[in-house]
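So the sequence lines, in the order shown, correspond to chains A and B.
Here the first sequence is numbered in my numbering, starting from 1 and rising by one per residue.
Here the second sequence is numbered in my numbering, starting from 1 and rising by one per residue.
Derived by calculation from the structure, the hints in this document are not laboratory data.
Note that this is a predicted model, so its numbers are computed, not measured.
Mixed in with the good hints there might be a few duds.
[To be verified] Label pairs and their in silico Cβ distance ranges: (1) E99/B with A45/A: 28 to 36 angstroms; (2) R15/B with E263/A: 53 to 61 angstroms; (3) S68/B with G103/A: 51 to 59 angstroms; (4) G8/A with N29/B: 46 to 54 angstroms; (5) D273/B with E12/A: 52 to 60 angstroms; (6) A33/B with G172/A: 15 to 23 angstroms; (7) K48/A with N29/B: 29 to 37 angstroms; (8) V110/B with E270/A: 38 to 46 angstroms; (9) D283/B with A33/A: 40 to 48 angstroms.
[Claimed, not checked] Not the full set, but computed from the structure, chain B residues with beta-carbon under 7 angstroms of chain A: (10) A19; (11) A20; (12) L22; (13) P26; (14) N29; (15) L32; (16) D121; (17) H149; (18) G172.
Even glycine gets a Cβ: it sits at the ideal position worked out from N, Cα and C.
2 protein chains.
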Amino acid sequence: MSRPDIRGYLDEKRRLVEAALLRYIPTENPPLADHVRAMRYSLLAGGKRVRPILCLAAAEAAGDETFSPELVLPCACALECIHTYSLIHDDLPAMDNDELRRGQPTNHVVFGEAAAILAGDGLLTLAFELLSDPALTAVPAERSLRVIHLIARAAGPAGMVGGQVLDLAAEGRPVSFAELRAIHSRKTGALITASVEAGALLAGADPAGLAALTRYGEGIGLAFQIVDDLLNVEGSAEQLGKAAGSDAARHKATYPAFFGVEETRKKAAEAVDMALEALKPFDRKADPLRDLARYILERKR
Amino acid sequence: MSRPDIRGYLDEKRRLVEAALLRYIPTENPPLADHVRAMRYSLLAGGKRVRPILCLAAAEAAGDETFSPELVLPCACALECIHTYSLIHDDLPAMDNDELRRGQPTNHVVFGEAAAILAGDGLLTLAFELLSDPALTAVPAERSLRVIHLIARAAGPAGMVGGQVLDLAAEGRPVSFAELRAIHSRKTGALITASVEAGALLAGADPAGLAALTRYGEGIGLAFQIVDDLLNVEGSAEQLGKAAGSDAARHKATYPAFFGVEETRKKAAEAVDMALEALKPFDRKADPLRDLARYILERKR
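I would like the entire structure built from these sequences, with the hints used as guidance.
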């Protein structure tokens, strides 16, 4: 369903973001060299760059002809720093104790636990350094300040950190659908929605445009989580299709465990439809956002 | 040497800051209640509130009659959140593995390691939420943005996080005086100086005033670190006085290990003199800063 050029768009933006990340996080002399290496290791471990690309595409959609989407590059990179920090800390032995991510050893396996905690702390703090750096961007201070506030809220106890707290608290016990929604929307949805809002705000979106893009962000945030659940259970999709409902809910809660695979796919498609509907008032400048919504639905990883 | 009313000033500001912290970090319903409890536990564990009080006093010194120092209260609290997060993470088993702080069990001992990591992450993120909250303060956005940037730099890899990296890398091997200075200035000095600068900037300090207050901040930052070292070795002060120099440097590096106790005391006093010298152009509005410099030199904890 995707227009043929979404791959090209994604590749181009991914390269833009990765080059900027390397610029913004320069190598250091020893003994800080290892710290930078640890941050870069996870930052450059082959992520899809969904959040920074959404931020760039939202800025394209909301900005007028005079606005260059590159003005949001520091913000786009800050979002990736925050996302990466959350992965590093979530993987720690005291948390989810994961030794592999995207087929590679996790940060603490390679660099040790102390260095991994500090790499996460460093990336989270660097994100706010990037967001507030007057040398990197030329948008009005009011806009930057609003963006910092919404990203901090999406990342903190009201968002991502709170989501991880809820996730750990839910471990090993049955979880209601309302709880699953709360975990999902804080752990993943909040920062994805914030990525879209941040791009829109920095580009100068008016209140109506911002509200529409927020609805878009909520729709794709939800779709992203549902598809994540689908990809996670794909191996055992058939059984889950049968064991849907209360039985499956006793295991790690997922959309397919509640609704079965077919119904879950429908829900993901509905969330994307909601996102596309919100883009109705926008012209062709929002085409990358439309393509991204479909990409999120159809992605295989 | 302190004017008799510094105790009263400190108590008043401490109460102001602690009341604001409770307002800014409201209790939550379960299951996030435990997360808030973990953040508040360390935040309210009887700190001296040096950073927030410096921020408030610097704003008093730099602001004109129309400026209310309460406008910097969110920033003052953000500084305490960042300081507290760094203590929680530094105490973790993978880091310094400390079970007691200020005579109380450390965060991870009470709440578990995962909750302590998340309490730290939450406090660090909340700090930037407070710094950017338009509902909490009414200073121009440009000022807030500059303050966010300087605090993020002081907290991140170029400051506190970098200092902890250096500190861990120095463990169990001889450390040169240059290394000790680098660890000190990043781990402690950077955020103390930033606290003074942030208050001054928010209050609208002009470039000359800001430069003077930065020198003040550097002086008391250095004095604070030196006095910390003195307080830490106080038990074995006599031996250290004798074993000063290269021998003592093989143990955990401190000022007294390099210079002996007497010479170290002199260096602390010199740093405070430097700080007081920087305040020369300021009128009586800077008296609390003058008293704070002397307090930092004479403090017993």
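Enumerated hints in conflict with the structure, sorted upward
10, 11, 12, 13, 14 and 18
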